[in-house]
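Student: Sequence order for the protein chains is A and B. Using the working numbering, the letters of the first sequence correspond one by one to residues 86 to 583. Using the working numbering, the letters of the second sequence correspond one by one to residues 86 to 583.
There's no promise every hint is true.
To be verified - Label-pair restraints from in silico Cβ distances:
(1) A/Pro123 x B/Arg547: 50 to 60 Å
(2) A/Arg103 x B/Ala311: 40 to 50 Å
(3) A/His559 x B/Arg103: 17 to 27 Å
(4) A/Ser188 x B/Asp388: 56 to 66 Å
(5) A/Ser310 x B/Gly346: 26 to 36 Å
(6) A/Ala181 x B/Glu97: 25 to 35 Å
(7) A/Pro177 x B/Glu97: 23 to 33 Å
(8) A/Pro123 x B/Asp126: 57 to 67 Å
Unchecked claim - Taking lysine-lysine pairs in the DSBU-like style, the calculated list, with each CA pair at most 35 Å apart, reads:
(9) A/Lys112 x B/Lys323
(10) B/Lys275 x B/Lys112
(11) A/Lys275 x A/Lys112
(12) A/Lys275 x B/Lys480
(13) B/Lys275 x A/Lys480
(14) B/Lys480 x B/Lys323
(15) A/Lys275 x B/Lys275
(16) A/Lys480 x B/Lys112
(17) A/Lys112 x B/Lys480
(18) A/Lys323 x B/Lys112
(19) A/Lys213 x A/Lys275
As the list claims (entries may be wrong) - Negatives, chain A to chain B, calculated, CB over 12 Å:
(20) Val139
(21) Arg162
(22) Gly164
(23) Leu165
(24) Pro177
(25) Glu187
(26) Gly189
(27) Pro202
(28) Pro324
(29) Glu328
(30) Gly463
(31) Arg533
(32) Arg547
(33) Leu556
If you're looking for bench data, these hints aren't it; they were derived computationally from the structure. No residue lacks a Cβ here, since even glycine has one placed at the ideal position from N, Cα and C.
Protein chains: 2
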Amino acid sequence: MTDRFQLPTMVEGLGRLRATVLASVSKTRRQHLELVVPSLDAAIRELGLRDGAVLSFHHHLRNGDAVLIAVIEAAARAGLRDLHVAASSIFPVHAALVRHIESGVVGGLCTNFLSGPVAEAVSRGALKRPVILRTHGGRARAIESGELCIDAAFVAAPAADPLGNISAVEGPRACGVLGYAQCDALHARKVVAVTDTLVDYPAPRIEISQEHVDLVALVPSLGDSAGIVSGSTRPSEKPADLEMARMAAQVIGASGLLQNGFALQNGAGGTSLATAAAVGRAMAERGVTGSFASGGITGFHVDMLEAGLFRGILDVQCFDLRAIESLRRDARHQPMSASMYANPHQRGAVVDRLDAVVLGATEVDLDFNVNVTTRADGAIMGGSGGHADTAAGAKLAIVTTRLTAAGYPKLVERVGTVTTPGSTIDVIVTEAGIAVNPGREDIRDRLRAAGMQPVEIGDLYRRAQTMSERLPAHPSSERIVAVSEYRDGTISDVIRSL
Amino acid sequence: MTDRFQLPTMVEGLGRLRATVLASVSKTRRQHLELVVPSLDAAIRELGLRDGAVLSFHHHLRNGDAVLIAVIEAAARAGLRDLHVAASSIFPVHAALVRHIESGVVGGLCTNFLSGPVAEAVSRGALKRPVILRTHGGRARAIESGELCIDAAFVAAPAADPLGNISAVEGPRACGVLGYAQCDALHARKVVAVTDTLVDYPAPRIEISQEHVDLVALVPSLGDSAGIVSGSTRPSEKPADLEMARMAAQVIGASGLLQNGFALQNGAGGTSLATAAAVGRAMAERGVTGSFASGGITGFHVDMLEAGLFRGILDVQCFDLRAIESLRRDARHQPMSASMYANPHQRGAVVDRLDAVVLGATEVDLDFNVNVTTRADGAIMGGSGGHADTAAGAKLAIVTTRLTAAGYPKLVERVGTVTTPGSTIDVIVTEAGIAVNPGREDIRDRLRAAGMQPVEIGDLYRRAQTMSERLPAHPSSERIVAVSEYRDGTISDVIRSL
Chain A
86 MTDRFQLPTM VEGLGRLRAT VLASVSKTRR QHLELVVPSL DAAIRELGLR
136 DGAVLSFHHH LRNGDAVLIA VIEAAARAGL RDLHVAASSI FPVHAALVRH
186 IESGVVGGLC TNFLSGPVAE AVSRGALKRP VILRTHGGRA RAIESGELCI
236 DAAFVAAPAA DPLGNISAVE GPRACGVLGY AQCDALHARK VVAVTDTLVD
286 YPAPRIEISQ EHVDLVALVP SLGDSAGIVS GSTRPSEKPA DLEMARMAAQ
336 VIGASGLLQN GFALQNGAGG TSLATAAAVG RAMAERGVTG SFASGGITGF
386 HVDMLEAGLF RGILDVQCFD LRAIESLRRD ARHQPMSASM YANPHQRGAV
436 VDRLDAVVLG ATEVDLDFNV NVTTRADGAI MGGSGGHADT AAGAKLAIVT
486 TRLTAAGYPK LVERVGTVTT PGSTIDVIVT EAGIAVNPGR EDIRDRLRAA
536 GMQPVEIGDL YRRAQTMSER LPAHPSSERI VAVSEYRDGT ISDVIRSL
Chain B
86 MTDRFQLPTM VEGLGRLRAT VLASVSKTRR QHLELVVPSL DAAIRELGLR
136 DGAVLSFHHH LRNGDAVLIA VIEAAARAGL RDLHVAASSI FPVHAALVRH
186 IESGVVGGLC TNFLSGPVAE AVSRGALKRP VILRTHGGRA RAIESGELCI
236 DAAFVAAPAA DPLGNISAVE GPRACGVLGY AQCDALHARK VVAVTDTLVD
286 YPAPRIEISQ EHVDLVALVP SLGDSAGIVS GSTRPSEKPA DLEMARMAAQ
336 VIGASGLLQN GFALQNGAGG TSLATAAAVG RAMAERGVTG SFASGGITGF
386 HVDMLEAGLF RGILDVQCFD LRAIESLRRD ARHQPMSASM YANPHQRGAV
436 VDRLDAVVLG ATEVDLDFNV NVTTRADGAI MGGSGGHADT AAGAKLAIVT
486 TRLTAAGYPK LVERVGTVTT PGSTIDVIVT EAGIAVNPGR EDIRDRLRAA
536 GMQPVEIGDL YRRAQTMSER LPAHPSSERI VAVSEYRDGT ISDVIRSL
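All chains should be modelled from the sequences, with the hints used to inform the complete structure.
Tutor: As structure tokens, then:
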């Protein structure tokens with residue numbers, strides 16, 4: 086076969102063109118394209134990473150995740166140094182990261198939530214560069230804007246096929262949704278599907294598809310199922326929590342928001358779930374059909390969906406087996422990416438459609454600022470996750486908190502760390518009463534009209550002081566070990582070494 | 086509320102930081118974000134488009150599409166000139182585009198398929214700049230690489246919610262899948278969901294999600310349902326077609342590829358469907374379970390899935406109602422983007438996993454080159470679509486064609502336009518026999534071993550010449566009106582004005 090076709094090299098209106106050399110065009114020969122590598126060591130070799138590379142991880146396997154540590158160990162074996170770990174959350178299961186920080190394999194860290202031994206090490210000053218603590222929406226913004234450039238994203242894949250189609254509702258370590266990994270997969274220079282379950286092509290129920298995946302790395306296990314999902318998640322049954330939940334639900338009921346189309350998010354903590362339960366009862370009584378429940382999803386949300394209290398669920402992360410089962414079975418239960426969920430630079434984020442969000446707090450101060458990042462002793466033990474995102478988006482952001490914990494006051498003059506600015510928090514509910522942000526007179530008036538008697542936050546503060554046995558300690562070291570980045574990329578606070 | 090928190094502006098290891106001004110942080114106030122505009126005129130105003138802008142469109146509504154013309158008419162009313170239409174296909178329904186080309190509102194066009202009055206106008210030289218005819222995979226490549234920069238993508242949305250979540254399996258103009266619009270939505274500067282069915286938030290079964298959508302423009306109707314989907318698509322029942330189908334299926338059966346995991350694509354033409362039917366019978370007889378069927382999907386593929394002949398369907402476009410219903414109901418039937426389907430610059434495209442593809446042809450030449458772009462008189466009447474992509478990807482690319490049509494030979498010395506290079510076509514099946522590409526001796530040997538008697542392509546050519554009443558006319562004008570771009574961005578041929 087020869088090329089008998091003479092084509093012009095210049096075409097008016099298009100300029101110079103490169104002609105197809107017909108005789109040399111061939112089958113793509115990518116039929117035998119091998120994306121599967123037998124180990125993370127092989128993946129690290131293939132990627133050609135250099136010292137200082139940014140590696141990203143998601144936290145849908147939560148405290149059962151074995152992938153992050155396995156990748157860092159493979160990188161250490163490959164002799165890499167000064168890596169930057171861009172995780173969506175760090176849990177106690179990631180304790181071995183401390184060793185790699187100390188040895189210099191890991192030199193930087195950013196995450197939306199930081200707990201366990203790694204948090205302690207960071208608080209002690211183990212890392213040279215300060216950790217950036219982002220919000221879930223802020224992380225998506227940072228990745229999409231190019232502020233956080235990921236060299237290689239490692240996606241823990243409950244099931245993957247040989248071309249890298251990833252399913253999260255199949256396999257022994259099914260986690261349901263991969264919302265936090267979506268941005269990484271779309272924007273990282275290289276994407277590795279890490280899996281213990283290689284399935285025939287094409288994978289069923291593809292959540293991240295092959296055009297975004299460069300390698301499929303096999304590992305013996307993604308982690309410990311027991312740490313990945315709870316069997317079930319239940320509302321608190323403690324009387325004080327139930328009383329706060331009752332009050333929070335009463336606030337929502339009085340707010341004027343509890344109408345058809347109502348949208349709710351609540352955390353997976355016992356009091357938040359109990360609040361959702363109480364709100365659900367109010368919805369049923371009033372005959373209200375909500376539009377959606379969002380965020381991390383539990384079987385409890387599934388019950389509300391199935392009871393017809395909501396038309397849909399928007400799920401960024403499944404918290405239990407029942408949520409995964411619902412996602413698999415019920416089309417009204419839809420996955421979403423972190424960007425869709427909370428990115429403040431997108432046109433429409435889901436958090437902006439929330440009517441009410443029920444949040445927790447480690448500390449709340451007189452300006453309604455909330456700390457969910459550091460303990461009373463100043464040590465890091467958390468981070469925003471979606472806290473600051475949902476507070477900013479929801480029409481009504483309610484924080485439920487006891488006045489004290491472990492002898493420390495939770496109502497303080499000034500929070501140890503500003504995670505969520507007080508101007509986005511509308512109501513504080515405690516066992517001793519409800520305080521409304523002075524900026525929300527409309528809510529205060531509605532609560533009064535409903536027969537409730539909100540108090541001043543100063544009253545709650547003074548009461549908490551009286552009940553406390555000790556005072557929070559704010560580290561005064563010059564050394565800054567972390568910054569709390571607000572969702573828009575500004576810094577809401579700095580965290581100093583212990 | 087004042088900002089009582091003094092933050093450092095420089096942090097060692099991070100540099101200069103911009104502090105959150107706590108007192109000025111507020112609710113995002115995007116609760117009332119209004120993405121919905123009442124008309125395309127309003128959308129055009131909002132977009133702030135300029136003369137020369139690139140507007141993109143997809144063709145899932147096929148010959149029922151009213152969106153492309155409505156957008157161009159709104160742009161014309163806004164006084165815009167010299168627009169570039171980047172469509173995935175142009176059909177007879179888009180006839181009014183000719184008027185806008187003649188008036189100078191539209192100055193450029195690229196598409197993967199070009200038929201009807203617009204094709205005739207282009208062939209006559211109505212456009213100043215040559216049209217770029219791409220493949221489905223090549224268009225995805227051009228968009229993702231930045232070669233084709235889209236200013237505004239108009240996504241015909243069978244249903245959309247007020248924040249732009251798009252569903253394609255709901256609404257009176259449901260088209261099932263939006264595979265060709267996915268790249269546009271991800272990469273265009275602005276994305277407009279054009280809908281006649283605004284649904285409550287959140288939309289069910291979201292296919293393109295809100296974080297990618299800037300505006301939701303309401304229109305009275307997306308188009309004519311009758312032109313959008315057929316009620317059903319059926320294999321040919323003509324004896325000559327059935328004979329070719331039988332032979333093509335015999336080739337596949339003899340190829341050694343018909344084993345568990347077999348992957349097949351076929352066009353929606355009667356002979357292609359009849360071939361798939363015959364292959365299906367062979368699979369059932371041999372007890373073979375295929376991996377997937379891909380491409381544009383018909384109820385016929387759904388039957389094969391439900392009969393257990395394939396484990397899955399990868400669907401870039403639904404051709405009939407039964408396909409849409411299956412997509413809605415059966416998780417094994419999955420949508421895919423054009424990039425996943427056929428982008429040659431992605432790591433793993435679906436076409437690269439095909440065992441066999443059964444294609445049609447307007448002309449085939451002695452080098453096995455195929456023309457599906459121009460008629461025997463040289464006028465444009467089609468384009469590659471996925472033809473060149475699947476031929477390049479599949480282990481076995483079979484073209485079925487009669488020797489003549491309307492008195493013209495279809496087996497020719499040299500095709501009028503090279504759409505698909507002959508080096509990627511393996512077997513030609515005609516009513517007068519089978520020719521195997523000389524580059525595929527392995528296939529020729531297998532066919533012979535199975536008792537088949539392939540002939541030389543020259544024999545088929547001479548036979549076709551004998552049977553023909555007239556000869557193809559190749560325009561010899563200097564004026565180039567279109568180029569046929571191969572999937573990798575090189576030019577496989579030029580098309581001259583009539």
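Student: Go through the numbered hints given earlier and state which of them the structure violates, listing their numbers in rising order.
Tutor: none
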